[in-house]
Structures are given as structure tokens and as C-alpha cells.
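*Asks:* Spelled out from the first residue to the last, the chains are:
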Amino acid sequence: MKKVLALALVLLLMTGGVALAQKKDFPRRDLTNVVVWGAGGGTDVCNRVISAEMAPILGVNINVINKPGGVSGSLGMSYAFSQPHDGYTLAGVSESCVTAAVQGGWDKRMNVWDFFIVGGSPDVISVTPGSPWKDLKGLVDAANKSPGTIKACASGAGSIHHLNLLALEKGSGADLQFIPYKGSAPCQTAAMTGEVSVVVTSVAEQQQLIRAKQLRPLAMLIPESFTIEGFGTIPSGFKAYPGLAKHLPIYQAIGFAVAADVPADRKAVIEAAFKKAMQSEKIKKWAKDNYYVLSGKTGKAARDEFNRLESLFSWTLWDLKAASVDPAKLGIPKP
Amino acid sequence: MIGIERLDTFFTILIGMGTQPTSLLLLFGATLLGIIFGALPGLTATLGIALLTTLTYGMGPAPAMVALLGIYVGGVYGGSYSSILINIPGTPAAAATALEGYPLACRGEAGRAIGATTTASCIGTLIGMLFMVTMTPIVSAFALQFTSFEFFLLAFFGIIISGTLSSSDLVIKGWISGFLGLFLACMGRDPLQAFPRFTFGFPQLESGLDVVAVIIGAFGIPQIIQVLGGTFCAGEARQLTKVLPSFKLMVQNSGNIVRSSLIGVGIGSVPGIGEDVAAWMSYGAAKNASKQPEKFGTGVYEGVIATETANNSCIGGAIIPLLSLGIPGSPPAAMLLGALMLHGVTPGPMLSIEHPNFILEVTAILFLASIAMWIIGIVLARQVVKVLRLPPQIFMPIVVVLCIIGSYGLGLNLFNLYVMLPVGIVAYFMTEMKYPIAPLVIGYILGPMADENLRRALMISHGSFLPMFTRPVCLLLLAVILLTILSQMGLFRWLRQRRHANRQGTE
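Residue numbers (my numbering), protein chains in the order written: chain P, 79 to 413; chain Y, 1433 to 1939.
These are computed hints drawn from the structure, not numbers from a lab. Wrong hints could be hidden among the right ones.
Stated by the list, open to error - Label-pair ranges, simulated between beta-carbon atoms:
#: 1; chain 1: Y; residue 1: I1570; chain 2: P; residue 2: E302; range: 37 to 43 Å
#: 2; chain 1: P; residue 1: P413; chain 2: Y; residue 2: I1570; range: 18 to 24 Å
#: 3; chain 1: P; residue 1: G377; chain 2: Y; residue 2: F1615; range: 45 to 51 Å
#: 4; chain 1: P; residue 1: E359; chain 2: Y; residue 2: K1818; range: 56 to 62 Å
#: 5; chain 1: Y; residue 1: F1632; chain 2: P; residue 2: R386; range: 32 to 38 Å
#: 6; chain 1: P; residue 1: P210; chain 2: Y; residue 2: R1438; range: 38 to 44 Å
#: 7; chain 1: P; residue 1: D343; chain 2: Y; residue 2: F1615; range: 52 to 58 Å
#: 8; chain 1: P; residue 1: H163; chain 2: Y; residue 2: R1438; range: 28 to 34 Å
#: 9; chain 1: Y; residue 1: G1729; chain 2: P; residue 2: G208; range: 45 to 51 Å
All C-beta atoms, glycine included, are put in the ideal place defined by N, C-alpha and C.
Pulled out of the complex, with its shape left as it was, chain P reads as follows (with noise of 0.2 Å):
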């Protein structure tokens, strides 16, 4: 008797413990996953999927809201940095958002931060389909012929694109002339009406253009070859320009962070929500349907990749004149 008495018991206690268990302390309510950029564009949208995922894993809700404004997203960053340490918010953000202490807009590096990064769309050059060039080839020599009159948009100075763009110049060696539009669309639109006639945006930027054969894709900037549904293959432009290894790929970063002095038992709990997260079909379906490249990096990996594109974008705003702040005085690293 008393033996099955004392199995009971031990088989209450563990149950009770596991029932504890389950009841963890963390999250015990909704958490706010502040998005630093307008709602609908692609931050938003990623944020708003990611989150609507982990929240059944999590067990409460996370409620997505936008905080866009000041520079690069610093007004968000701020918001969200200033709410309490202690994992219950969120701040989605993009690769953008490493300008925001250059420019003068908060004091901090991205370094406070511990990110989440989703994926992004990699880059695609292109041109308009009445240009001669049929590859990444064609443009390079024609512009090495006639250096600095090709006219080339990748969104705004400074932008993940013109970055894109300047580091392809770097690596096969071409001199195009950069001509600044405020985003991607403008560009593109540009490059319709014959303003310029190279385009440097992300492929799902480009995505529908491509198909309705409006603009006619050269190569990636990426190592690997990506395959378009309804146009085919567009090839790595690292083929023909090995050299383009040393300075691309930039990526693009989307995800969200929390600040890195959240307790690490918390951390780890967001961490294995997201990473079970971006195992289901729902977000690789989506990806697929809106030409994302996942990532799913997290902890040192994810920090030494926003460090890289700190350092990168950064020190080229600052080569640009654009940036107000010195990003030695920051201790930020030059790439």
C-alpha cells in the first residue's frame, strides 16, 4: 500500500511538474512587435507573417504595429529599445536600419540589438529590353568602351541596392552612371520610360517586369542561379566575374531583434519559436511566392551579418557625404 501510495505521489509530483513546466514563465502575455517601417511594405509583410506564425508556438499573441519615421527607421528603434529589457517587444527590422547611427537619427549601434533575421530578396540586374546587351558581359564591355554614360537606378543613395550596385562596379571592374530615384518602383518606372536603362533592384521588385518581359534580367548578384516560375533561369553573375566574390553578396535582412541584454532564457525561448517558425510550410510557401531567399540566422551568425552591413553601409554613406555622423566616431569598423 504504502508503495503504491509513494508511486502515486511521485507520479503526482511529475505530472505537476511537467504541468509546471508547461506553464512557463515566458511569455505570460501578448508580446508588440514593433515594425520601424509603413505597413504593407516588405518589412511589414515579413513581420506580420513571421509573427503570425511563432504566436500559436509562443502561445499568446504578438501584436504587429507600425512605428516608421525619423532616419532609417530610428524612431521605431528608439520606441522599441526604450520599452523594458525583458523580451515582451519586438522591433522589425531591415538591413536599412544599420544607417540610422550615421545618420544622425539615435546614438547606439546595431549591437544592442539580438536578431532574428527572416531572408530577403536578393538582387537582380537587369536592363530594358530595347538595349542591346545580352548579358552581364555585353554591359560590362560597353561600359568599360564608354565609361560613366550608362545610365543605371538602383533606388536611393546609400541604398541596399546601390550598394549592390557600387560593389558590382568594384568587382568586374564597369563604370555606370548612378542616377538616384526615391525607391525602387520610381526606378523601375524610370527604366520604362527610357530614363535609364539598367536596373539594380531586388527580383521580387522586378518579379512581375521580368515575366511581362518588360525588363530583361542580366544576372544575379548572388553566387547561385535563381529560377523565375513563367521566364526560366536568370545565372549568377559570379561566373563570368569571379571577382564579384569579394564584395558581394549583400543581402538583404529581414526579420525582427529584441535588445541583446534580454535574459538569455527568454532569448532562447523567442529563438526556438522563430526557428520552428521558419520550418513550416506556410512561411516557405511564402517565400517561394514572394522570391525570398530564407535565412533563419539567429544568435552570433545573425550579429556578424547586421556587423558586416553595418561596417558596409556605414562607411559607403560616409564616402557618399551622406552620412552626418563619423562611423570611426562610432567605432564602427571599416569593411
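Add chain Y to chain P, keeping to what the hints say.
*Replies:* Structure of chain Y alone, referenced to chain P:
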């Protein structure tokens, strides 16, 4: 062009939506919300769509489009309320409506004026919609004629024309006001090289002055001071009986309506420029075509009909390049683009293949939204006019509070209030010296476009102005700008007066 089976699909969609209680409720709710957004100073159609985008995230694409287009149509129309009733345009698109609408309200005809603008807005939306389904390829081709030089000239023309038309005194005062707006727009980081201009080291100024704060300050504060100071008439609400415009008035204005719609669709389809410029241009065109242009500014129905038809037909025009090319034609349409992407619909050349019925769905929703807007508008007109019965001592302080909430509420940013107040005080003294304020706001809104595009155009042409004189659309715009300016010079005035005298002599 649409074939019979497309027409059939269209009616199936239309009836499907028109008989669904939930979508009808959503439609009327969103349209009403849009009207309220439009009528409140500082809240615009663009902002309404932005806010609703977040709320529609959980809905399917079709109900989301119902809500978003409803708020779009309502928002563009709603601005006319505050323009007519209190001379504070609810949206920049309704600034031109105030020129004729407010004098009408002062005469006690506010109800009739709102009735006329409601009907004009409805017809404008419908004509814009017709263009959208039938003329998409032609209008898209037209939109692609605009490169940086054209954008600069168009923005410049928008500023010049609003300056010309809104001056009650010397026209040059309107232009000065417009250029002040242009200078204000230079503040913040420049759009091409991200160089901070006139920021004086304030991080808040990096992104420039907030448009909403400038609009509310410039339009709201002078009017509030003037009404409270008793130097300006507050509208009267004597004739409450008749709100529906007479059939005769609409028939008399049929030419005016068609012309204004064409201007609206054309301006709407050009990327980046929208309802505000369309309203000013059609107001100018109506004045030029009118038999009695001297009466403009004293409250004529032709004026309000022209502006409201144009700004609503702009919607259809702006959606054309959005759906066919993925290029939004106006600022609210740019917000719509974001919302569509959120719902997994990427507008562009492949849209008609991937979502074959989408354009017809949008057409059906636009049709229903314009009808909903008309019904709500006619019902509301009677009620909102009663606002004027409130004594200004009570009413105006409420407007003040609304103005402050409008400026602050946008980004919950206190700095906007520090922008609103000085802008408002400067605007007050400008009004006292008979400088019109609307060109300042139009200049501020179009300033970045003029600035960015002129500099980019020169970058592309390696500093040469020559392309401006070789492109057909540029030449056309240049000619119109020159004519607008020259027509204010002495010689032209004299010629016109003589012609006028001749005509009167022969009659």
C-alpha cells in the same frame, strides 16, 4: 475594350457584392469613415488608407479592397465639407473647392453647394471608373511619357496655376506664396543625396516638416483667428430645404463635368501627382471656359462642380497605372499599392493574367463606392450644414482642438505642434496682407517633386537644359506655363479687356 462575357462577369461581381449584407455594411462604413477623414482637417485619404491597411490585414483581398476603395472615394470627397462650411480645406485636394464653396456658404447656400459637389463627385468617380475599364492601355502609355523633366514642369505648373487662381489681389502674391511653399519643402534631407538642408542640427527636421502639420497650420489657424476676430463671415445655414441639385444645374454643367473629368483622369494617371493639382487645373479651365469668368471667386456653382468632379475622377485615373504597370498615380494610390501587396496581390503587367477578374472587381467596388458616397453625402448634407448654426465662439474652439489633435495624432509627435503654430501665424499675417495660402500648401506638397526631378533630370542630361525643349510633353507644359504667366502681364490684360469691350459692344 471589354467584351460581352467580361461585361457579364462584371455584373455578376457587382450583383454579388451589392446583395451581400456584410460587404454592403463594410462599404458604407468605410465610405462614411472616409468622408469623416476627409472632412477633418489634417486627416487625408492617404492617411485613411494607411490606417485601414493595418486593420484589413486579417480580411480576404476582396473585402479589404471594398474597405480601402470606400475610404479612398469618401476621403477625396469629404474634404469639400470643411472647405465649404468653414473655409478650412479638409484635404489639399479640396483647397480649390473653398474658393467658390465658402462664398456660397456665406450666402446661405451651403446645403445646395454640398448637394452639387456630392453629385459632381459621384459623376466624377464614375467617369474615372469608365476610363479605367476601357482606356487602360492608352492612359498607361500616356503615363509613361513622363520623365524627370516633365515631372518638374508639371509640379511647377501646379504651383503657378494655384497661385494664379487663388489670388484675390495681385497674381504675383499667389506666386510668391507658392515659392515660399517650395522653400519650406527644401527642409530636411534632400531626396537624391541625403544631404541635410536647413535642419539646423535638429534631428526632428531631418525628414522635413510634416505635411499634415503644415496643412493644418496654414489653412486652419488663420481662419480660426479671423472668424474669432469677427473679420470674416462664418457661413450661414438659412436655406435648409433643398439639398439635391436641380437637374437643370447638372445639365448646364455637362460640358464642365466632362472637361473636368478628363483633366482628373489625365492628372490622376501621371505618377506622383494627384487630386490637388487636378482640382486646381480644372478650376482654371472652368474659369477660362466660363461665360462670366469675373464672377469666379464670389461663389459660382461651376467652380465647385469643376473641382469636385476633377478630384474624384482622379481616383480612376490613378488606379490605371497602378494596376497595369504597378506605378501608383497619386499619393493615396501609393498607399493602396502597399495594401495590395499586403494581401498578396502584386499589381503590374502580369495582374490581368494572374488575377483575371481583379480589375473588374475593382471597377465594381468603385461603382458601388461612388453610389454609397452619393447616398451618404445627400443624407449628411442636411445635417452637417446645421453645424453652422452653432455660434462661432463655441464652434471655432472645437475646430482648434480638432486641428491640434490632427497634427499631433498622426505620428504622436509633439514636434508637429511646434511646426503647426509658427506656420499658422505666418500664414495669418500673409492672409492679412492678401497673400493666398493655398499656393503655399501646394508648393509645399509639390516642392519635393519639383526639386528632386529637376536635379535628377540635369544629372541625366549632364547639366543640359536642352532635353526640355525637345520632348513633346515638355514643350506642351512649357507653353502652358508661359501662357499662364504671360496672361497676367500688362499687354495680355489689355488685349483681353479690349476683346471683352468689343464683345459687349456688339451684343
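*Asks:* Could you run down the list of hints and mark each one as holding or not?
*Replies:* Comparing the hints with the structure gives:
1. Restraint check, I1570 of chain Y to E302 of chain P: a C-beta distance of roughly 42 Å satisfies the suggested window 37 to 43 Å.
2. The hinted window of 18 to 24 Å between P413 of chain P and I1570 of chain Y is violated, with their beta carbons roughly 49 Å apart.
3. Restraint check, G377 of chain P to F1615 of chain Y: a C-beta distance of roughly 50 Å satisfies the suggested window 45 to 51 Å.
4. Taking 56 to 62 Å as the suggested C-beta distance range, the pair E359 of chain P and K1818 of chain Y conforms, at roughly 57 Å.
5. Taking the beta carbon of each, F1632 of chain Y and R386 of chain P are about 34 Å apart, inside 32 to 38 Å as hinted.
6. At roughly 39 Å, the beta carbons of P210 of chain P and R1438 of chain Y sit within the given window of 38 to 44 Å.
7. The hinted range of 52 to 58 Å is satisfied by D343 of chain P and F1615 of chain Y, whose Cβ atoms lie roughly 56 Å apart.
8. Hint check: H163 of chain P to R1438 of chain Y, Cβ distance near 57 Å, so the stated range 28 to 34 Å is violated.
9. Hint check: G1729 of chain Y to G208 of chain P, Cβ distance near 50 Å, so the stated range 45 to 51 Å holds.
Violated hints, in rising order: 2 and 8; the structure is consistent with all others.
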